[in-house]
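Novice: Based on the hints, put chains B and C in the right spot on chain A.
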Amino acid sequence: MGEYSVWSVLRGGLTGQTHWKRAWRDPDPKPAYDAIIVGGGGHGLATAFYLAKLHGMTNIAVLEKGWVGGGNTGRNTTIVRSNYMLEGNAHFYEKSLQLWEGLSQELNYNVMFSQRGVLNLAHSDAQMDGYARRGNAMRLNGIDAELLTREQVRAWAPMCDFSERARFPIHGGLLQPRGGTARHDAVAWGFARAADRLGVDIIQNCEVTGIDVVEGRVTGVQTSRGPIKAKKVGLAVAGHTTQLAQMAGLRLPIESHLLQAMVSEPLKPWIDCVVTFGAGHFYISQSDKGGLVFGGDLDGYNSFAQRGNLPMVEHVVQCGVALMPSLKRLRLLRHWGGVMDMTMDGSPIIGKTPVEGLYLNGGWCYGGFKATPGSGWVFAYTMAQDRPHELNAALSLDRFERGAVLDERGAGPTPGWH
Amino acid sequence: MLRIDCPWCGPRDMVEFTYVGDGTLRRPEIGAEDGHFDYVYLRDNPKGPHVEIWRHGVGCRRHVAVTRDTATHEMLATGKPGEGAS
Amino acid sequence: MTGQTNRLQEGGRIDRAQRLSFTFDGATMTGYAGDTLASALLANGVSLVARSFKYHRPRGIFSAGPEEPNALVRLRGGERVEPNTRATMIPLYDGLVAESQNRWPSLGLDLQAANQLIARFIPAGFYYKTFMGPWSNTKLWMRFEHAIRRAAGMGAGTHAPDPDDYDKMSAHCEVLVIGGGPAGLAAARAAAASGLRVVLVDEREEFGGRLLFDREEIDGAHASHWLAEQTAALEAAPNVRLLSRTTAFGYYDQNMVACVERVSDHLIEPPPHRPRQRLWTIRAKEVVLATGAIEQPLVFADNDRPGVMLAGAARAYVNHYGVLPGRKVVVATNNDDAYRSAIDLHDAGASIESIIDVRPGGAGALAAAAKERGINVLRGYAPVKVQGRRKVRRLAILKLDADGKPTGAQRAADCDLVLVSGGWQPTLHLSSQTGAKAMWDAEKGCFLPGPPRQRERSAGACAGGFMLAECLAQGHAAGLEAAEAAGAVRPELEAPRAAAVAEKPTRLYWECPEPINTPGKKFVDHQDDVTASDVRLAHREGYVSVEHLKRYTTLGMGTDQGKTSNIPGFAIMAKARGVEIGATGTTTFRPPYTPVALGALAGPEVGEHYMPLRRTPMDSWHVERGCEWIDAGLWRRPRYYPAHDGESLFDAYIRETKAVRGAVGLCDVTTLGKIDIQGPDAGEFLNRLYINGWKALPVGKARYGLMLREDGVVLDDGTTSRLGEHHYLMTTTTANAVRIMAWIDYHLQVVWPDLKVKATSVTEQWAAMAVAGPTARRLLEPVIDRDLSNEAFPFMAAGPCRLLGGEEGAAPIPGRLFRISFSGELAYELNVPADYGHEAWERLMAAGAPYDVVPYGMEALGNMRIEKGHVAGPELDGRTTADDLGLGRMMSSKKDFIGARLARREDLVRPDRKQFVGLVPVDGRTALKQGAQLVAKDAPATAGTLAAGGTPIRMEGHVTSTGFSPELGHPIALGLVGRGRERLGEELSMRYPLRDLTVPVRIVDPVFIDAEGKRVHG
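Chains as they are written, first to last, in our numbering: chain A, 1 to 418; chain B, 1 to 86; chain C, 1 to 1018.
The shape of chain A in the complex, shown without the other chains (with noise of 0.2 Å):
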């Protein structure tokens, strides 16, 4: 198969491009694996790379219910950013934006990912001050960001709304210049193709049915596919969350939401960056291909359909234009939605369980996407070690029991106003 370069792509152009192999192995399940991921998007593929590469554990499984990257992966914004105030979020959100940064080379499949900046833009004095105390503390944590203001935004975001008629005028906004997009799938297959390399077996179709657990400690899983036995069982199955820790018995501080995604019919370069309203539920961003790719908020419900429902794309739709008023001309190509694990505070859950050799990771609310490659990587090691890394430690599961919650936005135990 070879390495992934100009070259080879080059040398296909001569012999019709038939030299290329599967971009991964489709084994067969064995009976035992030293561990097991049950979820293969990009955070299962992320952790089995790691626990291979970092760990030297490469008598592993990703079991896949569908295909790879067919869940939340393949479903999201492509939005990544570390722009977070609170600790426990702003050194694992960093560590990932900082694997990112590498991540094409050190899978050697072009994730696309592109710096174009992320801005949050502010409609008030109090927002921009709120805005400051977060970009202070992520300067201060070490962390790129910039407080633009209401002419610097408009440099970036020419197309928002600077009129007088403007609903929500724009005071300014935090900018952070390392984050922007990346290309979704890509990631998935990159990490499975590297993991794949590195001798991880990806099994796709083989649905989890069960997770066996003697005594208190995880001995393997079931699955459509027979059963598999293994010391370590690592979920990453973020919407599904609840759904596989209920079969090792546990409760979680989740309920799973809708979230609706939008994408423009393709266009010629038309906004560079990736913007956020702040007066209302709207983000957008333009993929490689032209689409502009938009969302706002969950529709507000339970739910695990993968389709929502047309009030909130009116909303957001609403939104958009209220920021963006060239926007109603332009035409909405698709919409769809995936399932989120809304946790009770925002923020996601990686680390042990309550019962052994049972590892979560889940809880990503809407921003799983950007935080792949740092959950893989915290994950891999919480798994390998048995215990979690400094960067994750804030995000373990007790957390809730203790009080020591990480609420971003200060919205207090409703999911779905996170």
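If you are wondering where the hints come from, they were derived from the structure by calculation, not from laboratory data.
Careful, some of the hints might be misleading.
To be verified - Far from chain C, by Cβ distances over 12 Å, these chain B residues were calculated:
#: 1; residue: Cys9
#: 2; residue: Gly35
#: 3; residue: Asp44
#: 4; residue: Pro46
#: 5; residue: Lys47
#: 6; residue: Gly48
#: 7; residue: Thr67
As the list claims (entries may be wrong) - Subject to a maximum C-alpha distance of 35 Å in a straight line, what follows is the list of computed DSBU-like cross-link-like pairs (lysine-lysine):
#: 8; chain 1: C; residue 1: Lys54; chain 2: A; residue 2: Lys268
#: 9; chain 1: C; residue 1: Lys285; chain 2: B; residue 2: Lys47
#: 10; chain 1: A; residue 1: Lys289; chain 2: C; residue 2: Lys168
#: 11; chain 1: A; residue 1: Lys289; chain 2: C; residue 2: Lys437
#: 12; chain 1: C; residue 1: Lys437; chain 2: A; residue 2: Lys65
In this text the structure is predicted, and so the values were computed from the model without any measurement.
C-beta atoms are modelled at their ideal positions from N, C-alpha and C, and glycine is treated no differently.
Specialist: Same frame as chain A, but now just chains B and C:
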């Protein structure tokens, strides 16, 4: 678009309602020492029929107990909270 | 002008009396009313209309409908420009302007077509393997990305705001029929006979569907008679609403179908007071889907050249638009239907060189009709390559053996039009959106709708009943069934009839053999330039699930969402995998069915109607006074009242602060949430809501209260007054007014329904104004009809009053007076019914004239509360506990309340939590900044990141609110600092790295003035 059969107003579009949350939760009695953590934090989160509370904010302002399939969005029953969905 | 060289002398449904002028790429042409831009371009002999996405290959008009992958144009111009618009769906109007897109410098000479020369080096997904570079950073990629973004995209949009308006409508009906072709019309006719409300929608300019395009007979006469009769009858029926130009694009829960009506898109611009488009949300008891089918192409070398067209589309151009898209025609097909196109084009005067039928057995009954006309049919042959670059010149063909493999020598036929047909695929978008899983029917060679998940049924071509006779019969039956299911008596009605035609089955054969010696690209997805070899490359690399195929190659990701490419693409993948197409499944259909303008989804609630501004009853007074505004949620509130032009914000609020502290001021506080709570258990309820006790509060008294969330964190604060034995008035912060009302409703209705309490929001019912300052009592005494002495109306008193004053003989205004204070001064808050707010305000201003009363705004209000160390929004940030805010002593130990238990969790009672403190600059001069962080005074200047092994700068706290105390003569601030209360007097460093600001600060008590609280009792 979901449609909820409000026991007081009749069938109405979801836009008139706000989702409140899991309708099976029971707050510990006033004065009780235990059960608050489970009440506030833990959820069954079923994929399938789910009893939940919606608030008819742009209508009668009453709360409605709805049984809805979270996998399909099918509305299975509505009723008054506490009386169980019927 | 006589440019319409391909226009037939007669026939078609265009109005030759109405000649319309339009331009394409600057060239002026004419067409007729009833044309689409596509038909008019074809009439004018324009074959090259677009360039493809990746290779910039020349492209022509491929279809006659919404499935068009190629002919996307940039319609109109300026602020109304619409990129990526399908020429096949643009009704022609006089003055239409369109241009081609994705080409430079021109459509004819497109330099980016050089991509074709390197095509072999840029297969599907090449970008995943390249552009990375060996260095661990994103710089190289971003340089490439810059170029890729410019090359990609299709049309160019604009940043100029769209001037047009959009509208929304809701409708309810018993039976909604989607699609106005023969099946839909028959269904609507049958359902309407029941008397129920029926809505029929169709995306085209007029009803008829394929009846408009085909030469067919119904009930023994030309179908156009039946069409005219039925449309007229439905139009006349009072229970039927007909919506043409209306695309049903999304099928949502509980039978809600969203449609967009193009009200004015057939005009150069919308007439005054008319919307451009209207979004319909239609809730139906029963739905009949009669959405028809989409013809699929065949896949062979250079099958994308201008002059290659779907067979059914060519028939539409001839029969409906009176345009002959070619004169020497070859038809290539895997089914019988394409024979109709050959026959119709022949009858319109074209020369049919041959019908290439991939089936060894050829067609059924239609073969005879072709033979009658002398049309040469080659059975068991396949098209293999188009010759000609900008236009079709010849088609090369090969004979197939029994296995579909090529055999014998390659032959070629001269032609200027190649019609292709790979059979018809039901339009399953809407049925699939309901969650119904499409099922493969190997016999018909198509996906059929799955078992219904909602109250819908499919009829006609979208259910696999492709022949007219089936459409009519199934539509009729579906209409009757839907009416019956919706509760009507099944109407007695004869079904319309058409003759059945004996057809032979479609052969499941799409990809044709490679040509001999003259390779060419075999396009599967025309819009996104996905070829058969791309699909095989995906297979080779393991991207074999249909979703991986789509995502890796971009198959079906264009604006047409694969309407003419998914099936051939899946077929090629299935063959490579050695499985049936049914085993590969199909990708999920996502709404919308065709692209929808965002303006239609936004509707009229844009501009000032987006989250409309809330104004207090005194708003016009503030306007007249020339105040500066500040947004407070949806409200606007006076920020300050400049004394003269150009008075700065700082000068103004300091002046207003001094005026209040020195004499008296008036502030509009209407926006605070007000909730009326009544009932015998109201006191008990308040006891549960608030952390402090309420049962001992006497009638006529107010009390400050603090509420927690269930998790023990502060939710809101405010004063609540006891107005009667069982009657309380609660106030909330402006920001939380709605949330607290919902919180109360939930607890009264769901958690404690046994409590006898009713609550309702009265925020809008009352105007509220604060009168604050040492002379407040003197101001009020003459105009309030009650004793305001300290004895009669002490601090925290509350009760009814009447406001006198006003013009001679003016009636008193009934109201409520509260002796509460946010500023820390002697202060009263007057509430009057909202309608009297403006009048009451004026009376108070008049009464205050002798005392130099000033109106004061939010800045002065906020500044005074900072001087007094009162907490507000910046401190109540959803993460602070009562104890953090120095209010822990309010938590009653004698009773239970919301949040009491979880507030005791270990992390919430840690002694090193951030606590509420005051802050002053050490130098006594430098202003402090909200949003700044507080670090140790000797903390390093630069931070490292923990993730890279560096050392961040430890944050000990942050600044929440800042102001300037004129009384103290220096800046002041409030903040939260770890163990802050033990650290009064300590120095910290205030850091604001976003502006490179460092200020040494000292921790002080948060109450800056009148610490004993004497003034409020004054």
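Novice: All hints are to be evaluated individually against the structure, with a verdict given for each.
Specialist: How the hints compare with the structure:
Cys9(B), annotated as away from the interface, keeps every beta carbon of chain C farther than 12 Å; the closest lies near 15 Å. For Gly35(B), the requirement that its beta carbon stay farther than 12 Å from each beta carbon of chain C is not met, with the minimum near 9 Å. With a minimum CB-CB distance of about 18 Å to chain C, Asp44(B) clears the 12 Å threshold, and the non-interface call stands. The beta carbon of Pro46(B) sits about 18 Å from the closest Cβ of chain C, which is more than 12 Å, so the claim that it is off the interface holds.
Every CB of chain C is more than 12 Å from the CB of Lys47(B) (nearest about 14 Å), matching its label as outside the interface. Its beta-carbon lying about 14 Å from the closest one in chain C, Gly48(B) satisfies the requirement of being farther than 12 Å from that chain. At roughly 14 Å from the closest C-beta of chain C, the C-beta of Thr67(B) stays outside 12 Å, upholding its exclusion from the interface. Of the supplied pair hints, the one linking Lys54(C) and Lys268(A) holds, its CA atoms being roughly 13 Å apart against a limit of 35 Å.
Using a Cα cut-off of 35 Å, the hinted pair Lys285(C) and Lys47(B) holds, with the two alpha carbons roughly 27 Å apart. Taken as a hint, the Lys289(A) and Lys168(C) pair is honoured in the structure, with Cα atoms around 31 Å apart against an allowance of 35 Å. For a cut-off of 35 Å, the pair hint linking Lys289(A) to Lys437(C) stands: about 29 Å separates their Cα positions. At roughly 18 Å between alpha-carbon atoms, Lys437(C) and Lys65(A) fall within 35 Å of each other, so this suggested pair holds.
Taken one by one, the earlier hints fail for this structure only at number 2.
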